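Chains A, B and C, in that order, give the protein sequences. Just so we're aligned: 27 in UniProt numbering is position 27 of the first sequence, and the numbers increase by one with no gaps anywhere. Just so we're aligned: 252 in UniProt numbering is position 252 of the second sequence, and the numbers increase by one with no gaps anywhere. Just so we're aligned: 279 in UniProt numbering is position 279 of the third sequence, and the numbers increase by one with no gaps anywhere.
Heads up, some of the hints might be wrong.
Pair ranges (Cβ atoms, derived) [as the list claims (entries may be wrong)]: (1) B:T3 / A:R337: 39 to 47 Å; (2) B:G40 / A:T308: 47 to 55 Å; (3) C:Q144 / B:I90: 47 to 55 Å; (4) B:R333 / A:G39: 41 to 49 Å; (5) A:L279 / C:E264: 52 to 60 Å; (6) B:D116 / A:V301: 57 to 65 Å; (7) C:Q144 / A:V301: 20 to 28 Å; (8) A:E184 / C:D116: 45 to 53 Å; (9) C:Q144 / B:E313: 28 to 36 Å; (10) B:A24 / A:A16: 46 to 54 Å.
Some chain C residues close to chain A (C-beta under 8 Å, calculated; not the full set) [said to hold, decoys possible]: (11) F23; (12) V50; (13) H51; (14) P85; (15) Q87; (16) T93; (17) P97.
Calculated directly from the structure, the hints in this document are not laboratory data. Remember, predicted model here, so these are calculated numbers, not experimental data. All C-beta atoms, glycine included, are put in the ideal place defined by N, C-alpha and C.
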Amino acid sequence: MPTWSRNQWYVAAYSAEISHELFARTICGEPLVLYRTTGGDVVALEDRCVHRRYPLSKSHLIDDTIVCGYHGFTYDQCGTCLAAPGQKRIPRTARVPAFTIVEQDSLVWVWIGDNDRSDEALIPRAPWLDSPEYTVVRGMEPLQARYELLVDNLLDLSHETYLHGGYIGTPEVAQTPITTEVDEDAGVIYVSRHMDDAACPPFYAESTGITGRIARWQDIEYHPPCLYLLHSRIAPTGDLPADDGTDDHAFHVEVVYAITPETEHSTHDFWMVARDFALADQHVSDFLAENNRTVVLQDVVALDVLETIVEGEKEHYQELSINIDTGGLAARRLLKRQREAGEAAPEPTAATSTR
Amino acid sequence: MPTWSRNQWYVAAYSAEISHELFARTICGEPLVLYRTTGGDVVALEDRCVHRRYPLSKSHLIDDTIVCGYHGFTYDQCGTCLAAPGQKRIPRTARVPAFTIVEQDSLVWVWIGDNDRSDEALIPRAPWLDSPEYTVVRGMEPLQARYELLVDNLLDLSHETYLHGGYIGTPEVAQTPITTEVDEDAGVIYVSRHMDDAACPPFYAESTGITGRIARWQDIEYHPPCLYLLHSRIAPTGDLPADDGTDDHAFHVEVVYAITPETEHSTHDFWMVARDFALADQHVSDFLAENNRTVVLQDVVALDVLETIVEGEKEHYQELSINIDTGGLAARRLLKRQREAGEAAPEPTAATSTR
Amino acid sequence: MPTWSRNQWYVAAYSAEISHELFARTICGEPLVLYRTTGGDVVALEDRCVHRRYPLSKSHLIDDTIVCGYHGFTYDQCGTCLAAPGQKRIPRTARVPAFTIVEQDSLVWVWIGDNDRSDEALIPRAPWLDSPEYTVVRGMEPLQARYELLVDNLLDLSHETYLHGGYIGTPEVAQTPITTEVDEDAGVIYVSRHMDDAACPPFYAESTGITGRIARWQDIEYHPPCLYLLHSRIAPTGDLPADDGTDDHAFHVEVVYAITPETEHSTHDFWMVARDFALADQHVSDFLAENNRTVVLQDVVALDVLETIVEGEKEHYQELSINIDTGGLAARRLLKRQREAGEAAPEPTAATSTR
Chain A
1 MPTWSRNQWY VAAYSAEISH ELFARTICGE PLVLYRTTGG DVVALEDRCV HRRYPLSKSH
61 LIDDTIVCGY HGFTYDQCGT CLAAPGQKRI PRTARVPAFT IVEQDSLVWV WIGDNDRSDE
121 ALIPRAPWLD SPEYTVVRGM EPLQARYELL VDNLLDLSHE TYLHGGYIGT PEVAQTPITT
181 EVDEDAGVIY VSRHMDDAAC PPFYAESTGI TGRIARWQDI EYHPPCLYLL HSRIAPTGDL
241 PADDGTDDHA FHVEVVYAIT PETEHSTHDF WMVARDFALA DQHVSDFLAE NNRTVVLQDV
301 VALDVLETIV EGEKEHYQEL SINIDTGGLA ARRLLKRQRE AGEAAPEPTA ATSTR
Chain B
1 MPTWSRNQWY VAAYSAEISH ELFARTICGE PLVLYRTTGG DVVALEDRCV HRRYPLSKSH
61 LIDDTIVCGY HGFTYDQCGT CLAAPGQKRI PRTARVPAFT IVEQDSLVWV WIGDNDRSDE
121 ALIPRAPWLD SPEYTVVRGM EPLQARYELL VDNLLDLSHE TYLHGGYIGT PEVAQTPITT
181 EVDEDAGVIY VSRHMDDAAC PPFYAESTGI TGRIARWQDI EYHPPCLYLL HSRIAPTGDL
241 PADDGTDDHA FHVEVVYAIT PETEHSTHDF WMVARDFALA DQHVSDFLAE NNRTVVLQDV
301 VALDVLETIV EGEKEHYQEL SINIDTGGLA ARRLLKRQRE AGEAAPEPTA ATSTR
Chain C
1 MPTWSRNQWY VAAYSAEISH ELFARTICGE PLVLYRTTGG DVVALEDRCV HRRYPLSKSH
61 LIDDTIVCGY HGFTYDQCGT CLAAPGQKRI PRTARVPAFT IVEQDSLVWV WIGDNDRSDE
121 ALIPRAPWLD SPEYTVVRGM EPLQARYELL VDNLLDLSHE TYLHGGYIGT PEVAQTPITT
181 EVDEDAGVIY VSRHMDDAAC PPFYAESTGI TGRIARWQDI EYHPPCLYLL HSRIAPTGDL
241 PADDGTDDHA FHVEVVYAIT PETEHSTHDF WMVARDFALA DQHVSDFLAE NNRTVVLQDV
301 VALDVLETIV EGEKEHYQEL SINIDTGGLA ARRLLKRQRE AGEAAPEPTA ATSTR
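Chain A with its partners taken away, still in its complex shape:
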């Protein structure tokens, strides 16, 4: 039983990944073939020919049609079959499902569920990813673990101290208590940890040039199921925002994750790091990309191990949760609510989409 809601928006790819070539990716157990038309639109079809289910991603793109690599069934960007081998008549049922796509903030969002319900959920925003005021580095690591383990991981940053020591972890992260808030209506979870006098980990020391102790604020904003924002504020100790809210002397890093289930036991772990300083400094870009990728891979190694443990548990295992898990537990609750809503009949009055 999948533990995700199909009736939600998920990040399928970075915009830059999709060109006029066939691209295969499985999202929420659904095999997709994606490509960008000559007109610039992103198309997502089920990656199965209707005839003998050969993967269309192993086929050929001719103009804006896909010609199946097995027997030549030809589909347009709506999934409608235009040609079949050895006969003129095209069967009426020869149609490959097409999925709704929205491109926004440099991300390709897909609606895997019922097409007529895609206005039931808003697509959350991450404007830093596509703004001239920020420089962004990014990557995607395949995770052989269920997406809930990554949600757990990101909602509780106390693990930075132990798993990411020498990169982004310092003792203060695990020591400092968190505050957690849940906006039940909007379905957003906020977890904050403000360290006002902390060691500066290499990730920030090298990128900002700060040499002493820092005020380090971590403000998480999780939009289940897919988008995770970590607003990170770094400044020398004592350097607070002005009373009017301006904060010109601090360094701001927007760490963004898109958490997209691939299968019940694997996840696409998209990570992005946007900064509002040293915008043109390639050394800082390279350093942050390399350093953050190392950190993500440390998580991947740990979560891959946890997946085998969770999968192999003999019976229903009893975890122990403490204060640091408040955000993660809230996330589980909201994800469950989304699943139940997704499986239920469509809502009579739909929410307003951002599109």
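Starting from the known structure of chain A, fit chains B and C onto it as the hints suggest.
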């Protein structure tokens, strides 16, 4: 649940594969050990010692007996135990099942089912494989896919255009309609595609020396479950057989496949190419062997992918079939009939065997 | 369903394997983390943090506490949690199970079952392993087979002739009948094979220097489930023990196996060879270590194959057992008795432990 009938003849090996050495091969889920006696007969026993089921194929052949490599239980070519360790008395039940073997047309056929029912089915013939009027190249590729996917593949050659372009495929194959006939009594399926003005693919251009367009006739004769014959006639366009049926100016290639299930998800894909021209030309032999092996491996790659797709389908998937699938659908029907007959009680009056 | 009794003693490791470092090993399906305290005691805890079940073996040992590598939960050698991240209060239920350990005869024995039942079974002795009168070589090979296949293997040494020819096997082993006795009260199985005029296999010829034929006595003593002792006496043919029981002219080799289930399909195959001659001869030590390891690996290869066969058997397979299997069948019976006793309620009157 296996989808094959045990009470049918299957090709276990090429005759040339079996010598006075122990040879392991699994046929229809049944592990066999094969060897050729000093007298020249092929023996097939279950590949399990009766004592602790050690594979006999990992044992030693001493004269015409197998001595188990674990504790020395010794078996003759009927599977009868002749010796056991530490005692003189041989238990009466110490007997390894032996399977009925027929060698014919350079193939080793085995009857996996009930030994007393082996006359219920005829062994189909492929005389070109062992005739001085033909030169044969052959091979066997392991396929990690259920045998039905290979049957589907071979019964619908329109895929040559898309999967084997540049080898045996040209546009005319997919464009030209087929005619299909089923001999219900004999249980044979005939699929024909006569292209009277077609491009000559490299496979035939290089081997026959024809430089222009050709008449290309494909006459399939499938004897379920195992033997597939493709009578291929190649001649310059307009060059038809004489009224009396002689056809001396054409090139004839007999493409033969033996489709033998190994397990529910793997198949022995035996392929043979017999020709009635350039009999002693080693270059043509090498070219056809290399070219056909490449084509078979293209199928193997595609079918291995399809197997993972079919195996992973969430529910009963609905395929779409069109005219080109008439032969394949008939094959499924005859295979199902064979399974049901094989599982039913033996027929009171048996068919005449070719043996 | 595991086929072992949890309420028995098993060898978890050699004493020499456990130092002041975290060491992971799964015993009877139970993942353990082991280490030796600064005081010299061996500790065994369940290899799972109570919080999010991260393996403690991938964590850090600080003095005699384990600090979880994910979020820093800290445990003492009893499994009691001493610290948790972000808060002072330690939840009362934060405790990792600790397992009872006894070190004896250079072996680390663990009680996997109910802690209050560890006096229901005696730990059998193997004093040669830790005696100045013997020199010992040893090793451990991972076996991808259920432990019962190794019990079968070791209780019936007639396989030495076929699987270990050229190492420890000669024709006489398979030819010579055995005698088997079972001490039902103590739960010990004795299998003896006295060959009074046998070829001397390389294993003994090279290590003892005997060049002619030998008297070779094999006296097996199996203490289910874990400890297997083979008392091997080697002497020139005709050279018998004195009437008073002294046996100074013979060579004695104590071959010891500890058979510890890892999972239902894998086993820790601990092997030890103790000798009472050439005590300081490094060449003999090296030879015996290398030769016995080769023999063990021959078994591993064979049993790994058998595991795939046994696991893949279609239905309940009927083995054939003969005289040589008397010891193995008795072992199966005693192991079954232990399982049933282990699952039953604890005995009201406990046996006396050797501890």
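Hint-by-hint comparison with the structure:
| no. | hint | result |
| --- | --- | --- |
| 1 | B:T3 / A:R337: 39 to 47 Å | 43 Å, holds |
| 2 | B:G40 / A:T308: 47 to 55 Å | 53 Å, holds |
| 3 | C:Q144 / B:I90: 47 to 55 Å | 33 Å, violated |
| 4 | B:R333 / A:G39: 41 to 49 Å | 46 Å, holds |
| 5 | A:L279 / C:E264: 52 to 60 Å | 58 Å, holds |
| 6 | B:D116 / A:V301: 57 to 65 Å | 59 Å, holds |
| 7 | C:Q144 / A:V301: 20 to 28 Å | 24 Å, holds |
| 8 | A:E184 / C:D116: 45 to 53 Å | 48 Å, holds |
| 9 | C:Q144 / B:E313: 28 to 36 Å | 31 Å, holds |
| 10 | B:A24 / A:A16: 46 to 54 Å | 51 Å, holds |
| 11 | F23 | 16 Å, violated |
| 12 | V50 | 4 Å, holds |
| 13 | H51 | 5 Å, holds |
| 14 | P85 | 4 Å, holds |
| 15 | Q87 | 5 Å, holds |
| 16 | T93 | 6 Å, holds |
| 17 | P97 | 12 Å, violated |
Hints 3, 11, 17, counting from the list given before, are not met by this structure.
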